[in-house]
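Chains as they are written, first to last, in full-length UniProt numbering: chain A, 1 to 456; chain B, 1 to 456; chain C, 1 to 456; chain D, 1 to 456.
Derived from the structure by calculation, the hints contain no laboratory data. Among the clues, some could well be false.
For chains that are exact copies, the list does not tell them apart, and a pair is met inside one copy or across any two.
[As the list claims (entries may be wrong)] Calculated pairs, BS3-like style, for lysine-lysine (alpha carbon to alpha carbon, straight line, at most 25 Å):
1. K254 <-> K363
2. K93 <-> K153
3. K47 <-> K368
4. K222 <-> K40
5. K153 <-> K91
6. K254 <-> K329
7. K329 <-> K363
8. K47 <-> K91
9. K363 <-> K184
10. K254 <-> K340
11. K40 <-> K340
12. K167 <-> K325
The structure displayed is predicted, hence computed values, not measured ones.
4 protein chains.
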Amino acid sequence: MCAIVGVFGAKKASTVAYYSLFSMQHRGQEATGISAANGKRIATYKKRGMVSDVFSQDILDSLDGRCAVGHNRYSTAGSESAGDAQPVFAKYKLGEISVVHNGNLVNKHEVRNELIDRGAIFQTDMDTENIIHLIAKSQKDSLVDRIKDMLTKIEGAYCLAIQSRSKMFVIRDRFGIRPLSLGKLSDGGYIVASETCAFDLVGAEFIRDVEPGEMLIFEEGKEPVSEQVFEPDFHPCAFEYIYFARPDSIIDGKNVYEMRLEMGKRLAQETPADVDLVLPVPDSGVAAAKGYADGLGVPFEMGIVRNHYVGRTFIEPTQEIRDLKVKLKLSPVKHLIEGKRVAIIDDSLVRGTTSKQIVRMLKEAGAKEVHMRIAAPEIKYPCRYGIDTPTKVELISTKYTPEEIADKIDADSLGFLSIEGLKESLGTERHYSLVSFDGNYFAGGNADSPGCAGGC
Amino acid sequence: MCAIVGVFGAKKASTVAYYSLFSMQHRGQEATGISAANGKRIATYKKRGMVSDVFSQDILDSLDGRCAVGHNRYSTAGSESAGDAQPVFAKYKLGEISVVHNGNLVNKHEVRNELIDRGAIFQTDMDTENIIHLIAKSQKDSLVDRIKDMLTKIEGAYCLAIQSRSKMFVIRDRFGIRPLSLGKLSDGGYIVASETCAFDLVGAEFIRDVEPGEMLIFEEGKEPVSEQVFEPDFHPCAFEYIYFARPDSIIDGKNVYEMRLEMGKRLAQETPADVDLVLPVPDSGVAAAKGYADGLGVPFEMGIVRNHYVGRTFIEPTQEIRDLKVKLKLSPVKHLIEGKRVAIIDDSLVRGTTSKQIVRMLKEAGAKEVHMRIAAPEIKYPCRYGIDTPTKVELISTKYTPEEIADKIDADSLGFLSIEGLKESLGTERHYSLVSFDGNYFAGGNADSPGCAGGC
Amino acid sequence: MCAIVGVFGAKKASTVAYYSLFSMQHRGQEATGISAANGKRIATYKKRGMVSDVFSQDILDSLDGRCAVGHNRYSTAGSESAGDAQPVFAKYKLGEISVVHNGNLVNKHEVRNELIDRGAIFQTDMDTENIIHLIAKSQKDSLVDRIKDMLTKIEGAYCLAIQSRSKMFVIRDRFGIRPLSLGKLSDGGYIVASETCAFDLVGAEFIRDVEPGEMLIFEEGKEPVSEQVFEPDFHPCAFEYIYFARPDSIIDGKNVYEMRLEMGKRLAQETPADVDLVLPVPDSGVAAAKGYADGLGVPFEMGIVRNHYVGRTFIEPTQEIRDLKVKLKLSPVKHLIEGKRVAIIDDSLVRGTTSKQIVRMLKEAGAKEVHMRIAAPEIKYPCRYGIDTPTKVELISTKYTPEEIADKIDADSLGFLSIEGLKESLGTERHYSLVSFDGNYFAGGNADSPGCAGGC
Amino acid sequence: MCAIVGVFGAKKASTVAYYSLFSMQHRGQEATGISAANGKRIATYKKRGMVSDVFSQDILDSLDGRCAVGHNRYSTAGSESAGDAQPVFAKYKLGEISVVHNGNLVNKHEVRNELIDRGAIFQTDMDTENIIHLIAKSQKDSLVDRIKDMLTKIEGAYCLAIQSRSKMFVIRDRFGIRPLSLGKLSDGGYIVASETCAFDLVGAEFIRDVEPGEMLIFEEGKEPVSEQVFEPDFHPCAFEYIYFARPDSIIDGKNVYEMRLEMGKRLAQETPADVDLVLPVPDSGVAAAKGYADGLGVPFEMGIVRNHYVGRTFIEPTQEIRDLKVKLKLSPVKHLIEGKRVAIIDDSLVRGTTSKQIVRMLKEAGAKEVHMRIAAPEIKYPCRYGIDTPTKVELISTKYTPEEIADKIDADSLGFLSIEGLKESLGTERHYSLVSFDGNYFAGGNADSPGCAGGC
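Modelling step: build the complete structure from the supplied sequences, incorporating the hints.
Written out as C-alpha cells, the structure is:
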C-alpha cells in the first residue's frame, strides 16, 4: 500500500507532513521518512519504525523549509534494510531532488537493466531509484521536462511527489490506480496525500482528487499549475474500498465507510444467512458487517473485541495457548454469542488460516452455527506487483470452491460477494481494477508483464 | 484501576502471567511486573512501560518456577518513579515474599504512621509496602497467620496475591469492590485474575469469582483451600461495567458488553433524542450506543474512527491543528454525519473538555444537531481514594445542570443515565458502590476517612 | 572499592556530585546514583551503567537542592539487580533519608538477623539497608543521636554520607580503612569524597582527610561540626596505594603515584633483574615500573600500549585469536622488545592467568627473556569481605612459591615486593591493613568473623 | 584519518574484519561498517558509532562469506549523516560491488561534475561514490579493467579495498600517502589493513607493505596477484608518525613508537629546556616525551593522568569548573609537579587553546616553570583536503612566532621540532609529505588544486 504526502508553501511543512503520515499510519508501518526543502537545500530523515517513534521535535525542527514530502512504507517480506525507506534523495546535475513513490512499475526490470547498461548504480531494489536515475539521465534542460521525459519511460501504478530545492511536482498515473487528493492548508499552502483523512487532522480543506494522468507543479508565489500529461484511463483499485483505506477517507469521491456498507448490503442479498446475530471481524469488517446486518434485518453486535496493544517481542506461549496470533488481537464476547447462530463478516479470505482460527474461536465461545461471509469476491489471481501478495498456490480460492473452503475452515457456510456485486456496490460508472478477482490484467499488458501493478 | 494475576502450579507460570497481563493491558499501562517463585527463591522483574515492551523471552526465562504473581499499574499523575511498580518483594523473617495489590486502603495513613512510629522505613507511597510491613512485623509463626493478622489491620478495597517461595495466597476484600476470578489451567494449575479476559487468552477455564472476604491458599500437590476470612458485604464498583473492564469480560457473573447494552437501552428510555443516527465514542461507548440506538429504533453506525497508533513523543502542532489531542485519536466519517441529527454516546463526562471537542468535531463534519448522551449518571463526588480522580472543583457536574453543560459544550442537548437507571440496568439484587454518583461513602466510613476506596 | 561523594551548601550540588563521581569512575562502573535534598524533599536517581551514560542534563536538573550524596558501585559478581545501586532512600519517622556507603560491615549477618527478627523487611543484600533500618528503629529523638546509636551497632569498614532533607552527616570508621577527604568549594559549600581527584575536577580546595572515627555534621548557615565518635585505630588499606586509587589522588596525606614509585624502587632492591628494559602493565603498573627502572638504572619504556576502546558486546573470535581478553586491552611495541631481556611490572598477581598471557605476548613479540615483577607482596589470604575476591583456592600464591609460579606462567623469573618492603615504602609510622598478605585480620576480629572488611 | 581493512579467503572474514577495525578504532570513531561477500551476494552493515557498539554477534553472523571489507570513519565536522558511513555498496552492470576508501581525491569536484553531467546521481559527498560511479560507467568488460580505468581518472591519496561477490581488489595510490600493509592469516587467508596493529590482534603475520601504485588482486584458490599500476612516487604522510598511528604499529617499515622517541631526542637537541622533570601529554605525547627526557638526561614521569571514561552527554558545569574539556581528560599528579620546573611534551599545537589550558593546569598544580615542547614542526599550512583541518586563520603558527605563542599560552618557553629535524628523525632516504609544515603541495599539483590530499 504505502502512503505519500507532499506539502508546499506551508510555514512548518515538515510538521504538516508528520501529522499527515501519522494519520496514514495504517497504510504502512515498516518505515517512514520526510524530506524538507528550504530553497537552499533538501534535508532528509528516514528510518524503520512508526511515524511517532521515528520523529522527534528536534528532528522535525532540523527539517526546516516550506516544502516537505513524506512516505510511510508498508511492511514487506524480505526487505529489512533501512535503505529501503523513502524519500529517496539525490544530488544530480540540476541540484538536489527528493522523491516519494506509492505504487509499482510494471517495466521496472527493463528500465533498470537499461539504466545499468548505461552505467547506473543502485543501492536498493526500489522503483524510486529508477525514477531518480531517469530524471538525472534525461538530456532535458529543466526539471519539469526531465520529469516528463522520465514519465514516458515508466509504466504501471504510481503516485509521485518530487521535490527540488524550491519546487514540488506531483503526478498520478493515467490509470489512477492508487488514490491521491489535493487539499488547501488554512495558511495558504497546499497538501497532496494518499488519503483525505490526512487533511482532516492537519486542518486542510479538500479541493479535489488529483486526476489520472495529471501533473501538478507547485512554485512559491504562484497557484499550482495543472498539466494533463497522459490521457486518463481510469482503473482505481477496488482494494482501497475493500480494506486498504481508513473508513473516514474519501477515495475518488466515494466515502470508504459507505462503500463498505453497500458491499455488506449487497452481500446480504447475494448470500444471506439464517442467523441470530451478525458480527464483524474488527476493525476493517465493521462497516460491511453493519451493512450485511441491515440488509438481513438481523441484529448487529460488536461481538469480537480487538486488542490494540500489540507488541513487537514474540514470547513463546505455553502449550495451552492455541491460535495465539488471532487471540492476541481478537476476543469474542461469549455472552452475546453463546447458543446463537452467527454470521461473521470479514473483508477478505486469502489462505484461510486466520478464518479457521476465528471460526474455532467463535465455536469455543458457544456459537451454535458460524456462517462466514466475505465482503469481497474470491481472490483467484495474485496481484503480480504486490510485493507481499501470496502466490497463486497459496490463494485458497484458486483451488477450492466456497463450499470446500467452508468445510476446511469448519464454518457452517461461506459466501463471497460476486464480482458483479462488487462493481455495482462501487458504482458501474467506473472500471475498477479487479485483477485479483477476474484476472484481467490491463496496465502495460503484455504477455510477460501483465498486471495492475497496484502493489496490493 | 490496575490489574493483578496469580498463577500457581503451572509449568511456565511467568509466561501465563505475561499473557494474562497482556490481555489486561487496558487496566494499566504505566508499569508492569512479574515475580516468580521456584520453591527456592523469588525472582522479580518490573519496569515502567507496556507489558509487551517490558518483557523479553530472556527475562521470562529467568523468571522460572511454578508460581507467578503479576501486576499492571495504571498511569497515575505525579508518580513517575519506577519504584512504584509492583510486585513488591521483600526478605523477612520467614523468608521471601512478593505481593501484588489492586485497590486502595482507606486507613493507609494511620497504618503507615503506626508502622513508622515502630521504626519501619518506606521507599514508596504504595499501600503494598504497608501490607508487607504488617506481615513482616506480625508476631505469628506462619505466613498464613501473619496474613490474617495483617488483614485485621487494613481497611478498604483490595485484591491481593501474595507469594512465598512455595505458596500463594489470594484475598479479596469483604466489599468485593474490585473484581477477581478463579480459573483452572488445562495443565492442572490455577489462575486468579482481575478480569476473565485473561482466562480466554491463556486457555484457562473460568471456575468462579473469588468471594468478597475470601482467602484462597495454594500449595503444591493440594487443592486450593478456601477460607472466608470476613463476612461479605458486597458492594462491587459500578465503574467496572461503565468503562474499566473489557467488554468480553464477565465481572461477578455479568458480562460487561451486555450490561453496557442495557445501560444504553435504559438511557434511550430516560432521555431519548430525536435523531437520525446514533454514534458511539469508540471504543468504550460502543455497546451503550448500540443499546441506545436499539432502544430508540434509530440507525447505529461506527461514525467515528479511532486511531490506535498513538505515540509517546509530543510534536508541537502547527497553528492550523485544533483539538489535536482528540483528533489524534478520533476521526468522524463525514459522509455518514453530514446533514444529520446525531446522538453521540459516551461512557462518562468528567470535566467536559473532551466532550466539547467531540461536539465541535461532529459539527465541523456537518452534523445538523449533536445530542450527547452519557451512559452513566452525573459524577458529582470525587472518589476519595482514586489517585487520578479530579477534585470536586473540576467535576463539571458538581457545578452545572445537564442543560448548562450542554450549553458549555455546544451540544444541542445532553442527557445522563439516572442512578436508578444504572442500578436497574446492573440488577437490583446487589448494592453497587455508587459513591461517585450518590456520595454514599460506605467502606470504613468515618468522618475523616469515608469512601469506597475503589481507586476509580 | 566503590566511591562516595557528599556535597553540602552548593548552588548546584547534584552537578558537583556528578563530576565528582565522573572523576572516580575507576572505583566502580557497575551502577551509579545521586540523591539531592532541597530542604523539602529528597529526590534520587540511580541506575546500572557509567556516570556519563546514566545522567542527562534533565535528570540532574530534576535533582535540585544544595545538598547531594552520590555513589559509584564496583562491578561485583552475582549482583545484577538495579536495586543494588546506591544511594538508598527511605521515608521514616523523622522524615526522609538517603545514604551512600563504601565498605563492608563484618557483623552484617548478625545485624540483619536481629532486624529481621524484629520485623524488618529487606529488598536487597546491601549493608546500606541495615544502616537505614538501624537509624529508623532507633528510639532516639534526633537524627544525629539515631546515627550514633546505629554506629554502636555496626562493625567493619565504612565511609558514610547520610542526608536528611536539610542536613548531611559524614562518618569514617575508626580504622580509616577506606579513604575520605574533606574539601571546600569555591562558592562556600563543602565536599567529601573518596578520592581527592574529585576535588581537582570540580575546583574544590583540599582541607583535610576525615579522621578515623570522626563524624562531620553539615547544616545550612553553620560551619561543619566535627565530633570524634570513636577512638581512632588507624589501619588504612594498602590496596588503595597498590591499585585502587588514581595516581593523582592523595590518600591520607600520601600521593598514590609517589607511593608506587617507592614500591617500584624498593622492588628493585629486593628482587633486581638483569634486563635491558623495564615495561609496565598499563595503566596501574606505570609508576611502579618507573620506580623499578630508576632503581635498577635500566631504561623504562611504555612498551605495551593499552587500548581504551573496550566494548560491552562479546563477539566470538576466530580460532586464530589467542588470549583475546588480554590482547583486546594490551598490545606490545615489538620493535622495543625484540631481542631484549625485559622486566614487566604489574601491580598484583592473583590467579596467574593474565600474567601468563602477558608473558606469552611479550615472548611472541620477540623478548629474549621475560622477568615479571609484582609491586606488591604475594596475596595469600582472601579478603573475607571483598565481594569480588577470589577464594583461597584460586589465589595462586597460597599454593605455589614464586619460582613455581614463574614456571607456570612461563616467565624467566618472578619476584614480589616483601611485606616489610611494602610497609617501608608506605611509611612505618602507620599500621596498614595487610590482611591479604599477612592474614592478620583485625577489625571486629572474632573466630567467626575476622577480617579487615575493606571490601577489596 | 580513517581505517580500512580487507580480508580474503578466511572462514569468518567479517569477524576478522571486526577485530581489525576494533584495533584501529583510534583512526576513526564516527561510524563503522563491514561488507561481506559469499560468492552469491554482498551483505553490508554500517552505522554511526564505535565498532564494539555497532556490531553484535547476530549482525556479524549475517555478514557471512570468506571475503570482507571494512571501514572506520573519522569524526568530521558537519557530516552527521549515517549515509556517510562506508563501505559503499552498489549494484551495477557486472553485479554487486562494495568499496572502502581511506584518503582524499584532489580532483573530486572535476570528477563529480563530469559524472553529474553524464546523469549520475549522488547520495553523499563521499569520494567513494565517485569511485563506484567511475567503475559502473566504464565501458570495459571486466571489473579489473574497469578499476584500472577508474584509477586513471582519480588523483590524490587513496587506499582502496574493492569487493565483488567473489574477488577483492586492493590499491594504494602512487604517493603511498596513507599506510597499507599485507598480512597472512594462520588459516591461509589474507588481510590488508591501514595499520599493522590489526594483524597482531587477529593473529596475522605481517608480509609486507602494499607498494605505492600497486594493485593486489585476490581470487579464491589462487595466490594474490600483484600489479604495479602506477610508477611509485613515494611521499608518505609524516603525521602518521606524529600522532595518527598507534605506537605499536609499523608504518612502511618504521615503528611508530621508535620514530616518536627519535623525534623527542632530536627535539631535546634543538630546543632543550632547563627543567627538573619531563611530562608527556598522554597518550600520544608519551614516546616523544620519553625521548626528550632521555635526550636531556632529565627525569621523565607520567605526571598527567588521562581519564578514559569520556561520555557523550554534555552536563553544564558549575561556575567553579574551569577548563572542563581538558580537565575531564587530563589530571596532573600535583606531588610530582609541585615546585618543579617542568617540560611538557605534546605532539602538535594547532589553535593553542588546549595548550593554554594545560599550562594553566600545571601551574595550578604548583609547577614553578612550564616549558612546552612540540615534537613536530609548526603547522603553517592547512592540509587542503583534510575535512576537519582548521583553516589558515585558525592555525596559530601562521600568525605568531613561538615566542609570541609562549606568551599567549602563558608558558615559560615554547619550542618546536624543526622541519629538518623531523626529516632526519624519520630518515632522509624518503621524501615525506610535509605539506602542513612547508606548504609544498605536490600531488596533483596545479594552481587550483594543490595538496597532499592525505586528509590529515
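May I ask which of the numbered hints given earlier this structure violates, with the numbers listed in increasing order? Per hint list: 3, 11 and 12 violated.
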